[in-house]
Amino acid sequence: MKKYNFEAEPFSRAFLVHRGLSMNERVAYGMLEAAKYLPISFPENCMLPTVEYIAENGAVGYRFGSGIFMDRARFEELFAEYPENAKELQEIRQQMSTFVTDYRYRSMCTGADLRLRDISACWGGGWGGHANPDYDRFLHSGTNGIRRLIEECREKNKGRDGFYNAALIAMDSLDVVGKRIAAEALKRERTEGDIEKKAEYRRIAETFRRIPMEPAYDMYSAVMMFWMYFTLDGVDSPGRFDRFMIDFFRKSPADDRESITERLWQAMNNERAWNLCISGSDEHGNDETNELSYLILELALKYKYNTPNITMRVHKGTPDALFAKATDCIAAGIGMPALYNDECVCPALEKIGIPPHDSRDYCMNGCNQIDIMGKSHMGLEDGEVNLGKVLELTLHNGYDFAAGGTELVSQQIGDPRECKTFDDFLKLFYLRLESITDAAVRMANASQEAYARFAPNPLRSCLIQGCLEKGRDYKWGGPLYGHGQILAEGIADTADSLYAIKLLVFDKKRYTMSGLIEALENDYDGYERLRHDFASCPKFGNDNEEVDGLCAAITDYFFKYLNTKNTFRGGVYTGGCSTFNRAADNAMKTAALPNGKRNCETNYADSIAATPGNDVKGPTASLLSMLKYDQSLACSGFVAQMKFDKALFDTKKGKEAFLQLAKAYFAGGGQQLSINVLDRETLKAAQKEPEKYKNLIVRVGGYSEYFWKLTKELQQNVIDRTTFAF
Amino acid sequence: MKLSYFNIQRFCLHDGDGIRTTVFLKGCPLRCVWCHNPESQKAEKELMFLSEKCVGCKQCLGLCDAREVDGGKISVSRGRCKACGECAEVCLFDANEICGTEDEAQTIMAEVLRDKIFFAGGGGLTVSGGEPAFQPEGVLELCEIANREGISTVIETSGFGDTEFFLKAASLGAEFYYDIKALDDEKHRRLTGGSNGLILKNLSALIKQKARIVLRLPLVPGLNDSDSDLSVLAEFLKEHEGVCRRAEIMKYHVLGSGKAQALSCVYKAPPRDATEEEALRWLSFLRSAGVDNISLA
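Chains as they are written, first to last, in the working numbering: chain A, 1013 to 1738; chain B, 738 to 1034.
You may find that some hints are simply not true.
[To be verified] Distance condition first, Cα-Cα at most 30 Å in a straight line; then the derived DSS-like pairs of lysine-lysine:
{"#": "1", "chain 1": "A", "residue 1": "K1706", "chain 2": "B", "residue 2": "K779"}
{"#": "2", "chain 1": "B", "residue 1": "K779", "chain 2": "B", "residue 2": "K938"}
{"#": "3", "chain 1": "A", "residue 1": "K1704", "chain 2": "B", "residue 2": "K975"}
{"#": "4", "chain 1": "A", "residue 1": "K1696", "chain 2": "B", "residue 2": "K790"}
{"#": "5", "chain 1": "A", "residue 1": "K1658", "chain 2": "A", "residue 2": "K1700"}
{"#": "6", "chain 1": "A", "residue 1": "K1520", "chain 2": "B", "residue 2": "K782"}
{"#": "7", "chain 1": "A", "residue 1": "K1363", "chain 2": "A", "residue 2": "K1439"}
{"#": "8", "chain 1": "B", "residue 1": "K945", "chain 2": "B", "residue 2": "K975"}
{"#": "9", "chain 1": "A", "residue 1": "K1655", "chain 2": "B", "residue 2": "K779"}
{"#": "10", "chain 1": "B", "residue 1": "K790", "chain 2": "A", "residue 2": "K1700"}
{"#": "11", "chain 1": "B", "residue 1": "K779", "chain 2": "A", "residue 2": "K1724"}
[Said to hold, decoys possible] Which residues of chain B face chain A? A few of them, derived with a C-beta cut under 8 Å, are:
{"#": "12", "residue": "N744"}
{"#": "13", "residue": "R747"}
{"#": "14", "residue": "F748"}
{"#": "15", "residue": "L750"}
{"#": "16", "residue": "I756"}
{"#": "17", "residue": "F761"}
{"#": "18", "residue": "L850"}
{"#": "19", "residue": "R851"}
{"#": "20", "residue": "D852"}
{"#": "21", "residue": "A857"}
{"#": "22", "residue": "V991"}
{"#": "23", "residue": "K996"}
{"#": "24", "residue": "D1010"}
No lab work stands behind these hints: they were computed from the structure.
Here a beta-carbon is modelled for each residue, glycine too, at the ideal position from N, C-alpha and C.
With the hints as constraints, model all of the structure from the sequences given.
In structure tokens, the structure reads:
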């Protein structure tokens, strides 16, 4: 009979043994024990020692995003494989299940709120992921330096020994991993036949004799140290890489520093590193571009990987040469870098109380969340509100019509049929929006509290400023800034719908509210005329003052309402909008809307832009519509995605035009721009379903026509020449 | 002054410097056989019927007597259609559309100026058509407003219009994208329905006034691209090299044929695009004949 090796459960073993200690210490001991067994690899393409996320090597573990987790399926396998150990396994499962972060979070939410989450009206919390640690502190102090800081801070904050002990243990776990890397490299050096690889293993082993205990001393050691922490902690975003690495870069010989950066590029792609930020300006407006900023873009262009996501911070003094290089990257079709405007982001952050010297050190993590490098816990999606669903629930007074309209999922606030004016109706919508936002905030705060109480992060607490200084965990308000971000979904769909109601029900009185509601209840079946009229109303994305204004008004209302809500972490909530693949999920669960959308139809606003296909006047009109939002109210990413024909970027003139668009958008207060280059597949899809691509304009000199109007034969002609753009 | 137009297209990059908004005017005195905007020819409103979009629901029948049904297929009797637009109102499938509208020059310019923040790189207004010289007063008003607002104006023209119009537009700072369709007058008449005498006269007048001019050469295989056409063209271009900014070959394409069909017009130009090889032959012929400042548009 096989016996289970309980060393494979290091996290839970150590966590359970240390009952009686603080949660921080128990988690830290769990991590330390796990650090002794984590697999270490040296991937062929980069030879950078890579560690698995901490404590993911058992059926129970600790993961940066989900806290303490339990793999139920893995337990079932273990029971089947080791029946003799059933009793011990059963005991681990039972004891640890009280600590699983997700269970804790759910038990702290109400059933009604979780129901709103199930039907995609909103969600809050349930995830604790993105962070941008203070790599400066780590690389310039080493674990020994941080230990000294821990002791200094302990002196100033008496009575918080549990927290500080845990911090020390977390440093030990880093050292353990460093020593294991050195030992593993030496072992491989002895058996390696290839001379170059042998030398490389030797160099790694020598480097890890000093790091991570001592500070990094050149680019090579800094990359090794950075990467070890990055993979061990499961941090997903490298942050302002060109800023915190440049001193080390300049200390190293040219070929050495470039080759190690190139190897790191491979490693980051292997591990799907998310957001790497380059350039930007300091608090005095000085440009911070350096040679590493250029090298990053060169690597992006050379390898054309889709990870890491590159963000380029743009401001009035961004060098033209950097812009030109960025345009080359975008033209290559990699969709990067995304451009962020310091002159919009920094004032937005200052509005919520972040002083200029810190607002200027913002960077992205994850897809588009904004964090302050090494100083905050705010750059993760805390929640989301699906505005389209809010409108649906307003129209049906709390009943969920995506699921047939029999279930009351949100309180009854008022019957829209009784509204005398559009403002009456808008008021109902806002009341419903507040009620659903409250639910998202409640869930987000329950989640933050569950993480703070049951899944503290002793390791990250050492690398985010404020935690050691205050003696408080990263999850429990330790960081200098603890704001939260709740995103808006379906903005344009909602604004278009509201505008159609205003126009056809209240202004022109062509339809009654009851007639509209009846049509929506029947998912427009048998109401084709009505649907056509509603769907033909002016849409957001075409530089139309009225509908754009309504769009901006509802977004402003939502964001300002969020600002009145506090996070458990000790900040305020702010808004943002970056929807990506969630748009389709949310649309799927949203019933028929007055913009013509049918139940389950998946075409939904692409972040802050129009509903795909509705912005028929081209990119300038689309950008001007987006400039109607007060973008300084959004402290999470406020994402404007644009699509262009590759032919545009193939000419000098096209590149110049693109830069002109970007610069004008940013000068007008825009926050972010990312560009996708159209491929033939998109054009073929447009030929198949032309009604979804009504914004495609054939761009041939002196010629005027939309793609969807062409005969199939001429559409093929255009696909063959691929010279058109949205 | 009111102008008749059929489209205002923003973010145009192919008709002038920078980012531009092109106003497509309706009405043209010529009838070029290869016209790629056939809906621009008549000044009046017209119905465009996209038969591929029509599902045969018959909602449009009975609204007027211009609709005919033939074996389930709906068609438009042009002689009876008054372009009232009722069919476009009832059609749920976008098969009917009224082309052409009228607005004051100021209203049109208000739309153009919405993109002013994007015009910084030398962009601005392009007046295309149709023929801008066909609505001279309105176009001059557009030029005046653009001039006052500090944005550039490009006029895309066949050159077929009153000399006075061209000279006034030039004095308001307009640049001209000036078509040279055929130098042989008989050929010009056959292909476009008009003589090139006035066109060449206006060009000389503009040159005399030192207007900014780009020559555009719409070349259509088999119609105006024979060796003798090109030889004459080469001589003409060489004479104009110092006085015009450059010359651009406009490669023929068939994208206008669908619109001609929607207007029930007969499309008489070749049924295929000019090939890359043909375009390169034109270019190298003209270059080897000594024309330097020429490119494919």
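Cross-check of the supplied hints:
1. A/K1706 <-> B/K779: 26 Å, holds
2. B/K779 <-> B/K938: 25 Å, holds
3. A/K1704 <-> B/K975: 49 Å, violated
4. A/K1696 <-> B/K790: Measuring from Cα to Cα gives roughly 18 Å; hence the hint holds.
5. A/K1658 <-> A/K1700: Given that 30 Å is the threshold and the Cα spacing comes to 21 Å, the pair holds.
6. A/K1520 <-> B/K782: 26 Å, holds
7. A/K1363 <-> A/K1439: With a Cα-Cα distance of about 27 Å, the restraint between A/K1363 and A/K1439 holds, given a limit of 30 Å.
8. B/K945 <-> B/K975: Holds. B/K945 to B/K975 sits at ~17 Å (cutoff 30 Å).
9. A/K1655 <-> B/K779: 35 Å, violated
10. B/K790 <-> A/K1700: 13 Å, holds
11. B/K779 <-> A/K1724: 26 Å, holds
12. N744: Hint holds; B/N744 Cβ to chain A Cβ min 5 Å, cut 8 Å.
13. R747: 5 Å, holds
14. F748: This hint holds: B/F748 lies near chain A, its Cβ roughly 4 Å from the closest one there, short of 8 Å.
15. L750: Nearest chain A Cβ about 5 Å off; hint holds.
16. I756: 5 Å, holds
17. F761: Holds, about 5 Å.
18. L850: With a closest approach of 11 Å, the B/L850 hint is violated.
19. R851: Cβ of B/R851 sits 6 Å from chain A, so the hint holds.
20. D852: This hint holds: B/D852 lies near chain A, its Cβ roughly 5 Å from the closest one there, short of 8 Å.
21. A857: Holds: closest Cβ of chain A sits about 6 Å from B/A857, inside 8 Å.
22. V991: Cβ of B/V991 sits 7 Å from chain A, so the hint holds.
23. K996: 7 Å, holds
24. D1010: Cβ of B/D1010 sits 7 Å from chain A, so the hint holds.
When held up to the earlier numbered hints, the structure conflicts with 3, 9 and 18 and fits the remainder.
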